[in-house]
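Start from the sequences, fold in the hints, and give me the full structure.
Mapping of the sequence shown onto my numbering: position 42 corresponds to residue 23, and the numbering continues sequentially without gaps.
Since the hints were made in silico from the structure, they are not lab data. Some clues are possibly wrong.
Each computed DSS-like pair below joins lysine-lysine, with the alpha-carbon atoms no more than 30 Å apart [as the list claims (entries may be wrong)]:
no., residue 1, residue 2
1, Lys25, Lys10
2, Lys25, Lys48
3, Lys10, Lys48
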Amino acid sequence: TYGLPLHRCREMGYHDRVFDMLDERPLTKGEIRDVCVILFGEDKFDGVVDPLIDWDGFLRSINQMMKEEELQYVSLFLLLARAV
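And the structure:
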């Protein structure tokens, strides 16, 4: 599932093939990186390791980016959560 901001983007016509995969199957590590680049911005990925090479290092980088973001309401769980 994903939060309201991403849902609104899709409703307004933003299209990227990786978003079509979100509710169809588990994403590959490369696709997870692609989604994160869209969500956080290309400029935040300077120096972030490739998830295919160092998954734990990639997760540490994503966790740091998430700490800098506001919480998003996730209606499925009726709570605030990180975007990723």
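To see whether the hints hold, each was checked on the structure:
1. This hinted pair checks out: Lys25 and Lys10 have alpha carbons roughly 18 Å apart, not beyond 30 Å.
2. Restraint check: the Cα-Cα separation between Lys25 and Lys48 comes to about 13 Å, which is no more than 30 Å; the hinted pair holds.
3. With a C-alpha separation of about 21 Å, the suggested pair Lys10 and Lys48 falls inside the 30 Å cut-off, and the hint holds.
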